[in-house]
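Colleague: What follows is the residue order along each chain.
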Amino acid sequence: GAVVSQHPSRVICKSGTSVKIECRSLDFQATTMFWYRQFPKKSLMLMATSNEGSKATYEQGVEKDKFLINHASLTLSTLTVTSAHPEDSSFYICSARGGGTYEQYFGPGTRLTVT
Amino acid sequence: AQSVAQPEDQVNVAEGNPLTVKCTYSVSGNPYLFWYVQYPNRGLQFLLKYITGDNLVKGSYGFEAEFNKSQTSFHLKKPSALVSDSALYFCAVRLTGANNLFFGTGTRLTVIP
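Chains F and P, in that order, give the protein sequences.
The first sequence runs 1 to 115 under the numbering used here.
The second sequence runs 1 to 113 under the numbering used here.
By construction, these hints were calculated from the structure, which means they are not laboratory data.
Virtual Cβ for every residue (Gly too), placed ideally from N, Cα, C.
Just so you know, not all the hints are guaranteed correct.
Stated by the list, open to error - Listed next, with one range per pair, are the computed distances between beta-carbon atoms: (1) Thr17(F) with Lys77(P): 14 to 20 Å; (2) Leu26(F) with Ser70(P): 37 to 43 Å; (3) Thr110(P) with Ile12(F): 29 to 35 Å; (4) Cys13(F) with Ser3(P): 33 to 39 Å; (5) Lys69(P) with Gln29(F): 41 to 47 Å; (6) Asn41(P) with Gln29(F): 37 to 43 Å; (7) Glu63(F) with Pro18(P): 44 to 50 Å; (8) Arg108(P) with Gly99(F): 33 to 39 Å; (9) Thr113(F) with Arg108(P): 19 to 25 Å.
Said to hold, decoys possible - Not close to chain P: a few residues of chain F, all C-beta gaps over 12 Å, as computed: (10) Cys13; (11) Gly16; (12) Ser73; (13) Leu76; (14) Asp88; (15) Val114.
Stated by the list, open to error - In the DSSO-like style, the derived pairs of lysine-lysine whose C-alpha atoms are separated by at most 30 Å in a straight line are: (16) Lys66(F) with Lys42(F); (17) Lys69(P) with Lys64(F); (18) Lys42(F) with Lys22(P); (19) Lys64(F) with Lys14(F); (20) Lys42(F) with Lys69(P); (21) Lys49(P) with Lys22(P); (22) Lys42(F) with Lys55(F); (23) Lys14(F) with Lys42(F); (24) Lys66(F) with Lys14(F); (25) Lys42(F) with Lys64(F); (26) Lys58(P) with Lys20(F); (27) Lys77(P) with Lys58(P); (28) Lys69(P) with Lys49(P); (29) Lys77(P) with Lys42(F); (30) Lys55(F) with Lys14(F).
All chains should be modelled from the sequences, with the hints used to inform the complete structure.
Modeller: Written out as structure tokens, the structure reads:
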């Protein structure tokens, strides 16, 4: 199946700093990418959907100025958590879907810890 | 509004026994249905999907699921469970023409040796 990578896999940052997470589709062109947040023992919460070259569409309750998403190419999307706070600590997962396909392929996730 | 329900937070089954992980959905229109598995500290891995056609779909690692339109269910099954099947399983639905997936709350499967 298609491969999606995320970098970094784990990151610890201090409160007030910004953190960038990269999501790459390695062997297919991702026309649409998704960013999810997963709390312990909880389901995935969709944060935003982005199409290549367009602004991301954020879900209700997700601050677009805090969670900056850039989908600059068909193989790369980035999520930047700005001015991070401890409550932003979570597991962030991206997924990607190629044009005309049904499946979403998920990255391995990034564990963010804000101290 | 669409929703996906996984009524069991936890399912325990003995190795070698058949397993079932339940999923029901509520959507307007025709859904696309998916099952994903998640191992600790990992992303989700696609298991199988139902788009159209035969109600019984077969997927990875010996898993299968049956789409039941009248009961609006899409239960995941495997005839003989392995210890390595122990993981978190998510059911998801996507509406025709929509972009994103709606996930159930997940079911933790534990296969007991």
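Colleague: Next, verify each hint and record whether it holds.
Modeller: A quick look at each hint next to the structure:
1. Thr17(F) with Lys77(P): 14 to 20 Å: violated (47 Å)
2. Leu26(F) with Ser70(P): 37 to 43 Å: At 41 Å between Cβs, range holds.
3. Thr110(P) with Ile12(F): 29 to 35 Å: holds (30 Å)
4. Cys13(F) with Ser3(P): 33 to 39 Å: holds (35 Å)
5. Lys69(P) with Gln29(F): 41 to 47 Å: violated (34 Å)
6. Asn41(P) with Gln29(F): 37 to 43 Å: violated (28 Å)
7. Glu63(F) with Pro18(P): 44 to 50 Å: holds (46 Å)
8. Arg108(P) with Gly99(F): 33 to 39 Å: Once the Cβ atoms are compared, 34 Å apart, the range 33 to 39 Å for Gly99(F) and Arg108(P) holds.
9. Thr113(F) with Arg108(P): 19 to 25 Å: For Arg108(P) against Thr113(F), whose Cβ atoms are near 23 Å apart, the range 19 to 25 Å holds.
10. Cys13: It holds; Cys13(F) is separated from chain P by about 18 Å at its closest Cβ, greater than 12 Å.
11. Gly16: Holds, because the least Cβ-Cβ distance between Gly16(F) and chain P comes to about 26 Å, which exceeds 12 Å.
12. Ser73: holds (19 Å)
13. Leu76: holds (17 Å)
14. Asp88: holds (18 Å)
15. Val114: holds (18 Å)
16. Lys66(F) with Lys42(F): Holds - the C-alpha atoms of Lys42(F) and Lys66(F) are around 22 Å apart, at most 30 Å.
17. Lys69(P) with Lys64(F): Not satisfied, since the Cα-Cα distance of roughly 38 Å exceeds 30 Å.
18. Lys42(F) with Lys22(P): holds (17 Å)
19. Lys64(F) with Lys14(F): holds (21 Å)
20. Lys42(F) with Lys69(P): holds (27 Å)
21. Lys49(P) with Lys22(P): Answer holds: Lys49(P) to Lys22(P) is near 15 Å, not above 30 Å.
22. Lys42(F) with Lys55(F): holds (28 Å)
23. Lys14(F) with Lys42(F): The hint holds at about 25 Å.
24. Lys66(F) with Lys14(F): Holds - the C-alpha atoms of Lys14(F) and Lys66(F) are around 16 Å apart, at most 30 Å.
25. Lys42(F) with Lys64(F): holds (22 Å)
26. Lys58(P) with Lys20(F): violated (38 Å)
27. Lys77(P) with Lys58(P): holds (10 Å)
28. Lys69(P) with Lys49(P): holds (15 Å)
29. Lys77(P) with Lys42(F): Distance of about 22 Å is within 30 Å: holds.
30. Lys55(F) with Lys14(F): Holds: Lys55(F) and Lys14(F) sit about 28 Å apart, inside 30 Å.
Violated hints for the displayed structure, listed by number in ascending order: 1, 5, 6, 17 and 26.
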